[in-house]
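K.L.:
Each chain, letter by letter, is given below.
4 protein chains.
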Amino acid sequence: MSTILKENLIGLDTHRVIKVYLPPGYNDSKRSYPVVYYCHSIFSTAEKLLEDGKLVNVLEQAFANKIIPEFIFVVADYSSPTTGSLYENSPVSGRWLDFTVHELVPFIDKQFRTISHRDSRAITGDFMGGRGALKLAMTHPEVFSVVYALHPVATGAGYIPWAANEVNWKKIHQAKTFAELAGDGRAQMFVAMAQAFLPNPHRPPFYCDFWMEPDNGEPKLHTENTRKAQAGFLLDQSLEESAPNLQQLRGIAFDWARYDPTPTHVYSNQAFTRKLEDLGIEHEAEEYRGTPWNKNWIANGRVYSRMLPFLGRWLVFEGKE
Amino acid sequence: MSTILKENLIGLDTHRVIKVYLPPGYNDSKRSYPVVYYCHSIFSTAEKLLEDGKLVNVLEQAFANKIIPEFIFVVADYSSPTTGSLYENSPVSGRWLDFTVHELVPFIDKQFRTISHRDSRAITGDFMGGRGALKLAMTHPEVFSVVYALHPVATGAGYIPWAANEVNWKKIHQAKTFAELAGDGRAQMFVAMAQAFLPNPHRPPFYCDFWMEPDNGEPKLHTENTRKAQAGFLLDQSLEESAPNLQQLRGIAFDWARYDPTPTHVYSNQAFTRKLEDLGIEHEAEEYRGTPWNKNWIANGRVYSRMLPFLGRWLVFEGKE
Amino acid sequence: MSTILKENLIGLDTHRVIKVYLPPGYNDSKRSYPVVYYCHSIFSTAEKLLEDGKLVNVLEQAFANKIIPEFIFVVADYSSPTTGSLYENSPVSGRWLDFTVHELVPFIDKQFRTISHRDSRAITGDFMGGRGALKLAMTHPEVFSVVYALHPVATGAGYIPWAANEVNWKKIHQAKTFAELAGDGRAQMFVAMAQAFLPNPHRPPFYCDFWMEPDNGEPKLHTENTRKAQAGFLLDQSLEESAPNLQQLRGIAFDWARYDPTPTHVYSNQAFTRKLEDLGIEHEAEEYRGTPWNKNWIANGRVYSRMLPFLGRWLVFEGKE
Amino acid sequence: MSTILKENLIGLDTHRVIKVYLPPGYNDSKRSYPVVYYCHSIFSTAEKLLEDGKLVNVLEQAFANKIIPEFIFVVADYSSPTTGSLYENSPVSGRWLDFTVHELVPFIDKQFRTISHRDSRAITGDFMGGRGALKLAMTHPEVFSVVYALHPVATGAGYIPWAANEVNWKKIHQAKTFAELAGDGRAQMFVAMAQAFLPNPHRPPFYCDFWMEPDNGEPKLHTENTRKAQAGFLLDQSLEESAPNLQQLRGIAFDWARYDPTPTHVYSNQAFTRKLEDLGIEHEAEEYRGTPWNKNWIANGRVYSRMLPFLGRWLVFEGKE
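Protein sequence lines, in the order shown, are assigned to chains G, S, Z and E. My numbering numbers the first residue of the first sequence as 216 and each following residue consecutively. My numbering numbers the first residue of the second sequence as 216 and each following residue consecutively. My numbering numbers the first residue of the third sequence as 216 and each following residue consecutively. My numbering numbers the first residue of the fourth sequence as 216 and each following residue consecutively.
The set of hints was computed from the structure by calculation and includes no laboratory data. Accuracy of the hints is not assured; some may be wrong.
Taking lysine to aspartate or glutamate and the DMTMM-like style, the derived pairs with C-alpha atoms no more than 25 Å apart in a straight line are [claimed, not checked]:
hint, chain 1, residue 1, chain 2, residue 2
1, G, K490, Z, E433
2, E, K490, S, E455
3, E, K281, G, D493
4, E, K325, E, E262
Keep in mind it's a predicted model, so treat the numbers as computed, not measured.
Work the whole structure out from these sequences, hints included.
P.N.:
Quick look at the structure:
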């Protein structure tokens with residue numbers, strides 16, 4: 216039951232499901248454990264992430280094979296009546312960063328035997344949740360000290376300019392409800408972005424402005440809104456100001472699949488790691504063979520062979536500095 | 216009324232519409248004119264290409280401003296009950312190269328005052344029609360001596376491997392008619408490709424094999440079919456053998472838009488020009504700001520400021536060598 | 216004899232050679248002409264640019280074929296004891312923007328029958344001079360209204376981060392004179408950049424700081440200097456603030472060669488045009504087959520078939536609005 | 216003392232140094248061990264590879280931390296009076312593939328307690344040695360069953376066409392001895408390529424043809440030689456015929472650094488993995504942050520955290536299937 220998420224204009228359910236995976240030794244020990252938080256992507260939920268059992272399989276294999284010492288794994292529900300959280304604070308679509316830091320983490324620390332210290336907290340996630348993981352790392356180094364983002368999106372402006380993107384703006388401008396956008400994931404996504412980064416509580420039905428505004432019935436680039444939305448959504452735009460935060464982290468890594476059907480995500484991640492490099496921020500940044508969805512939760516996949524060893528190297532476990 | 220196109224298994228209409236634009240001076244002169252043939256793209260027709268009047272506007276402006284001397288412009292109908300011609304000879308989806316060379320060109324030469332010589336014939340087209348223009352140039356230098364392809368596709372394997380492409384193969388494998396693929400342009404396109412390059416007259420309903428074949432109900436990469444389809448469809452694969460043909464041309468040019476929503480087309484064209492370079496084939500190859508659809512038929516656009524001056528430079532006009 | 220360039224710490228010659236090409240009709244007419252200014256690249260001079268006669272050939276061919284009405288062509292000498300002007304104002308390496316705007320242009324307007332108005336002045340150049348042309352356009356729309364940059368460099372951070380660039384920093388840090396860097400164009404270039412963007416009049420011998428500073432004898436990334444140098448040198452970093460200036464121009468174009476042996480230049484130009492697009496700034500941006508040096512001053516080359524028609528379209532000539 | 220390498224025209228020393236690292240437990244056990252062969256790069260030797268001690272450190276750390284069971288590590292000397300082996304059979308520059316397979320491997324199997332079976336032999340290497348590792352895997356699956364190539368080169372034609380490459384061909388054509396090319400690594404390399412792939416025993420001083428041949432004193436593209444040299448040197452050109460061999464391997468992996476100062480290597484590796492994908496060949500292909508030289512032999516580097524776990528997963532060790 217979130218208090219923070221009450222503040223929104225899109226009908227968010229303030230009862231949030233939280234899925235917690237306790238490691239095999241938890242019940243028989245009195246030890247405290249590090250916690251790995253996971254941000255799921257848009258059009259997903261905490262339940263969907265776990266339903267096919269692959270995620271738990273990978274964790275159990277990793278603990279069995281001593282790839283990493285035991286930890287607690289937490290994934291909250293970041294879904295919404297629109298596309299789901301973009302992991303931002305917005306008066307229209309919810310203050311998701313605040314929810315994570317001020318409600319979720321304290322709740323977990325209270326309910327379970329966690330090591331309640333940044334050195335023992337990691338933030339992870341995939342796709343839009345990868346953006347979430349990086350954003351939380353960039354803004355809350357006092358809470359998390361290790362980050363691993365699996366194929367994050369929105370790390371940069373990408374290959375195709377926003378002005379040249381194919382979006383059905385007319386449909387968006389004419390829609391009276393979000394339901395009218397059903398079946399057009401792209402239109403839904405662009406409305407969610409506008410709600411998060413161009414909120415305008417006085418402009419129903421979506422309570423936001425757009426970077427393509429109607430102009431005599433035709434969509435027309437609004438450069439000021441474009442700049443504002445990019446400044447908020449694209450992580451590279453706040454990288455310079457976040458650099459001191461990132462310098463405090465113990466470990467930073469992200470990876471991405473070469474064959475995302477939206478190559479702009481690939482291009483953006485390549486640009487993002489370059490910017491980190493010139494800011495002198497140590498990190499890992501690997502591009503791998505695969506799609507954003509087919510290599511994470513498999514045997515010897517990205518999580519098992521890359522993310523978990525990385526977390527094991529940088530998180531502080533009990534009895535270890 | 217095409218005899219050649221009678222041979223097909225997809226229900227082609229053998230009555231083909233041919234649109235001919237005669238230049239302003241044609242009726243009042245006795246001169247003969249060069250002919251520029253244009254290959255339209257899939258999901259289009261000769262009529263659609265002309266219906267908004269922009270094409271004729273550009274030609275008239277160019278003649279008025281002496282950008283190029285007058286010529287005859289011809290666009291035949293290459294549509295089909297599936298997606299339209301891929302500009303190939305196939306026992307299943309039609310022998311379109313033969314139709315063009317053995318029926319269309321002789322027909323035009325018979326009906327109009329053309330200069331009926333390769334030096335005065337150019338082949339042009341856009342998108343899949345750009346592929347057609349290049350393919351005709353690669354195979355019939357005895358008919359055409361100048362080629363300008365506007366944003367051709369299928370010039371190379373592209374950025375995303377076929378094995379990693381997102382296609383609804385299950386739907387294709389289960390479909391009983393082409394109509395069942397309505398609304399899924401990607402599935403339609405991949406069937407058309409299979410019909411052109413993996414024809415199999417004994418396998419209804421589509422009379423073709425696939426590079427993803429069903430394997431216990433799941434699509435599975437069939438590497439032999441993949442190689443065969445790529446060898447046929449992708450122009451770079453036959454470039455080496457076509458090199459002597461291309462060496463005979465008077466002028467070769469193609470261009471492409473940077474912001475094709477399918478960046479694999481951009482990547483392929485970049486690779487194609489490199490291959491031409493190493494084969495020692497002189498040509499122009501420009502990448503421009505725009506999408507494949509928004510720069511061709513406008514004032515000072517690609518056709519007006521790039522293609523027409525190029526054709527004017529290399530075609531032989533009457534009274535000029 | 217420049218007054219402005221007296222202020223420098225690298226021994227600039229204040230006598231500057233200015234090459235002026237008057238069009239064929241100049242002497243026999245009383246008309247006034249537009250002026251096209253040209254910025255040459257580093258390691259070059261006004262004299263070198265003209266010495267093989269190709270440049271004048273191209274201009275004469277263009278006038279003869281009425282590709283563009285006649286204009287006056289001016290190229291000043293931007294060479295220096297180091298690598299030449301980077302087209303910036305620096306207390307160490309010279310105030311070159313000021314020299315161009317406050318000395319060169321007024322001098323030309325005084326000596327020749329020019330149309331002394333921004334509508335009839337274009338700024339052009341190649342490579343580092345292409346950067347100069349864009350920089351002057353971004354900062355002085357009151358002087359120039361048309362810009363065409365041939366393969367500009369330093370338009371963005373490029374593919375390889377500065378932190379990962381191969382430069383012999385030890386040699387730079389140990390050098391006592393610029394002459395010690397002879398034969399290492401890369402080292403010379405990086406010193407010139409530091410002199411322009413990290414000037415430090417109190418630090419001989421080069422009077423500048425570096426983004427790799429010596430740290431116990433080893434070069435170490437200095438992130439603050441890196442940010443400062445990038446902010447100054449890379450044009451995309453000041454694009455947002457220059458947008459209102461660029462919006463005032465009549466015509467903006469640049470192009471670049473696909474096969475620059477330093478692909479980071481290609482990558483940067485691709486990123487630069489995208490940024491312009493999202494800022495809503497109309498422009499042309501073509502990538503062509505060639506190197507930065509082999510397509511400009513040839514028959515049917517970039518200058519003849521692209522730059523001059525563009526200038527002709529946007530400059531105001533006498534008797535024409 | 217190699218018999219095979221006697222056949223050459225460049226003065227190869229037939230006494231070859233072979234460096235063998237025996238694992239810590241070798242002397243105190245009677246076990247047999249898998250063997251990992253390593254191909255060093257051009258301008259290097261077996262001794263240089265080992266001289267700074269980092270390589271042995273990484274191996275010892277890996278054995279100590281049980282990253283991989285113990286194995287024997289072998290690196291032979293592939294240097295030459297020119298640039299070193301390109302890992303090919305050439306009548307001019309030596310039959311290096313034959314040397315490796317018919318002399319080196321049998322010699323090692325005779326001298327040490329190896330598991331003399333393909334299942335327990337891996338071939339590895341970096342840069343040109345990475346090419347060597349892949350080439351040996353593509354041609355000798357009866358000898359090696361696991362391959363890991365660190366930043367291989369020559370896997371494809373790359374970003375810049377050979378015809379547009381900057382090479383001092385005049386110097387090459389005029390040189391009377393290899394020594395005259397001293398200091399120009401690029402010229403040396405291109406001669407070595409020509410000796411390997413365009414051998415011509417009747418044409419001193421280099422006993423080879425070139426893809427840029429002199430033509431009235433000017434270098435001119437020779438397209439037939441270009442095709443022949445590319446077909447031999449570029450691994451992607453023989454990938455289709457090698458596919459059945461690669462299908463027999465237990466494990467295939469390669470990786471590459473994003474910041475190779477020659478980005479054509481990066482581009483080629485990206486194209487190479489795509490081709491493998493469409494041939495249905497399972498493999499790993501990662502692009503990482505770094506240069507080709509700064510991430511291999513460090514703590515948590517590519518060898519320690521990527522290559523050795525991969526070898527451990529696929530090699531057959533004693534008492535393990």
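K.L.:
Given the hint that E:K325 pairs with E:E262, does the C-alpha gap stay at or below 25 Å?
P.N.:
Holds, at roughly 22 Å.
K.L.:
Do the alpha carbons of E:K281 and G:D493 lie within 25 Å of each other, as the hint requires?
P.N.:
violated (35 Å)
K.L.:
Is the straight-line distance between the alpha-carbon of E:K490 and that of S:E455 25 Å or less?
P.N.:
holds (18 Å)
K.L.:
Could you grab the alpha-carbon distance between G:K490 and Z:E433 and see if it respects the 25 Å cut-off?
P.N.:
holds (23 Å)
Hint 3 alone, counting from the list given before, is not met by this structure.
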